[in-house]
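S.K.: So the protein sequences, as listed, match chains A and B.
Here the numbering used here = 1-based position in the first sequence + 228.
Here the numbering used here = 1-based position in the second sequence + 119.
There may be inaccurate statements among the hints.
[Claimed, not checked] Pair by pair, the computed Cβ-Cβ distance ranges are: (1) 453/A / 144/B: 38 to 48 Å; (2) 377/A / 175/B: 34 to 44 Å; (3) 391/A / 171/B: 23 to 33 Å; (4) 173/B / 388/A: 48 to 58 Å; (5) 471/A / 144/B: 15 to 25 Å; (6) 396/A / 159/B: 20 to 30 Å; (7) 360/A / 159/B: 21 to 31 Å; (8) 180/B / 381/A: 54 to 64 Å.
[Stated by the list, open to error] Examples of chain A residues lying across from chain B (beta carbon under 8 Å, computed): (9) 268; (10) 270; (11) 329; (12) 431; (13) 433; (14) 434.
Source of the hints: derived by calculation from the structure; they are not laboratory data.
Even glycine gets a Cβ: it sits at the ideal position worked out from N, Cα and C.
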Amino acid sequence: MHPMYGKGLRALSIATVATMSVGLALVFFYAPLEEEQGFLQKIFYVHVPLAIVSLAGFVLGGVFAIAHLRTRDQRWDMRSYVAIHMSLIFGVGTLITGSIWAKGSWGHWWVWDEPTLVSYLIVFLLYVTYQPLRFAIEDPERQARYASVFAITAGAFVPLNFMAVRLSTAYVHPRVLGSTSNLPAPMALTFLVCLVGIALLYTTLCKYELTAKHTRAQVRALRRRLAGESERAPERSRTAAPRLTTPHPSVGGGHG
Amino acid sequence: MAALLAVSPALPLHTAGKYVAGAYVVLFALVLIYVAIMAIRMSRIERDLGELLSEAAAREEDARGVSTDAPAAVESREPVA
């Protein structure tokens, strides 16, 4: 049986839309205005979940990479690639929303003496090199192996970096993890719903990406099989994305 | 930075509104761009599948043509044999 990456996608999509809608309603109609920042603090409910989910996604990419190195199963490499790819997109969202918040709050788009901001930028830039690294290696086996080593090393760097920033002198960046108890209950509830919503969005988009890549690989495999009866299939072009080879229908396959 | 914050009062709604709207529009735009890219990919897959389907149909037609020709050839040879 072929792996089914699209299984449960509809339910996941509905859950994402529902949770995000509830989250938005809570942000604008339930959560009270913050005393210091007023209405501007509403950015907190989108910026912080984006940052947390993107960092968790980077770590998840490392975990999938460990599974790939242990099993040599290319599907784990694909999951690691998609997790990192999606985290980069969420990272772009984090940086832009953070800059907007900084401009409204501090009057500057970016503040270089803020350790949280700079450390996040370092992590983001580190992962920006992931795709060029993959693209630079032509051999698919070697590409997957080196990319996994990178994902594990960089994934380990994320929590270390986070802890180092925490241990350094606390400036004025709002602290969320470990201090949600300091938030008033309506704000904490709104934040948690938004966090779940963004996490669901991340999971849904990852599943969409995996399904699309797997479908494309299946179409390519079908084309090669049809071409193989009359002529040789053309050579594949170089790509940064992992190359999935679909198993023959008679060969069993796991679930995605 | 603390001093900067101390002198920065909460922005009034009409000023903060554009920043808040901007941040939420960024999230919406990111999802929208992603969906648009996915739509392009899906249409490419659909086109590829269509090509493969017509190729398979052409082969099927060829095979049917060969199989209907084959008995006729046998029949034509039979009287000779």
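S.K.: Hint by hint, say whether it matches the structure.
M.R.: Now for the hints, and whether the structure bears them out:
At about 46 Å, the CB distance of residue 453/A to residue 144/B agrees with the hint of 38 to 48 Å. Here the CB-CB span from residue 377/A to residue 175/B is close to 42 Å, well matched to the stated 34 to 44 Å. Checked against the hint of 23 to 33 Å, the C-beta distance between residue 391/A and residue 171/B comes to roughly 52 Å, which is inconsistent with it. Our hint of 48 to 58 Å for residue 173/B and residue 388/A holds, since their Cβ atoms are close to 55 Å apart.
The hinted window of 15 to 25 Å between residue 471/A and residue 144/B is violated, with their beta carbons roughly 37 Å apart. The hinted window of 20 to 30 Å between residue 396/A and residue 159/B is violated, with their beta carbons roughly 44 Å apart. Between residue 360/A and residue 159/B the CB atoms are about 23 Å apart, so this pair conforms to the stated range of 21 to 31 Å. In this structure the supplied range 54 to 64 Å holds for residue 180/B paired with residue 381/A, their Cβ-Cβ distance being about 55 Å.
Interface hint at residue 268/A: satisfied, since its Cβ lies 4 Å from the closest Cβ of chain B, which is below the 8 Å cut-off. Annotation: residue 270/A was flagged as interfacial toward chain B, and the flag holds, the nearest CB pair being 5 Å apart, inside 8 Å. At its closest, the beta carbon of residue 329/A sits 7 Å from a beta carbon of chain B; the interface hint therefore holds under the 8 Å criterion. The interface hint given for residue 431/A is violated, since its Cβ lies 14 Å from the closest Cβ of chain B, which is over the 8 Å cut-off.
This hint holds: residue 433/A has a C-beta 6 Å from the nearest C-beta of chain B, less than the 8 Å allowed. Because the smallest distance between the Cβ of residue 434/A and any Cβ of chain B comes to about 11 Å, over 8 Å, the interface hint for this residue is violated.
Hint violations for this structure: numbers 3, 5, 6, 12, 14, all remaining hints satisfied.
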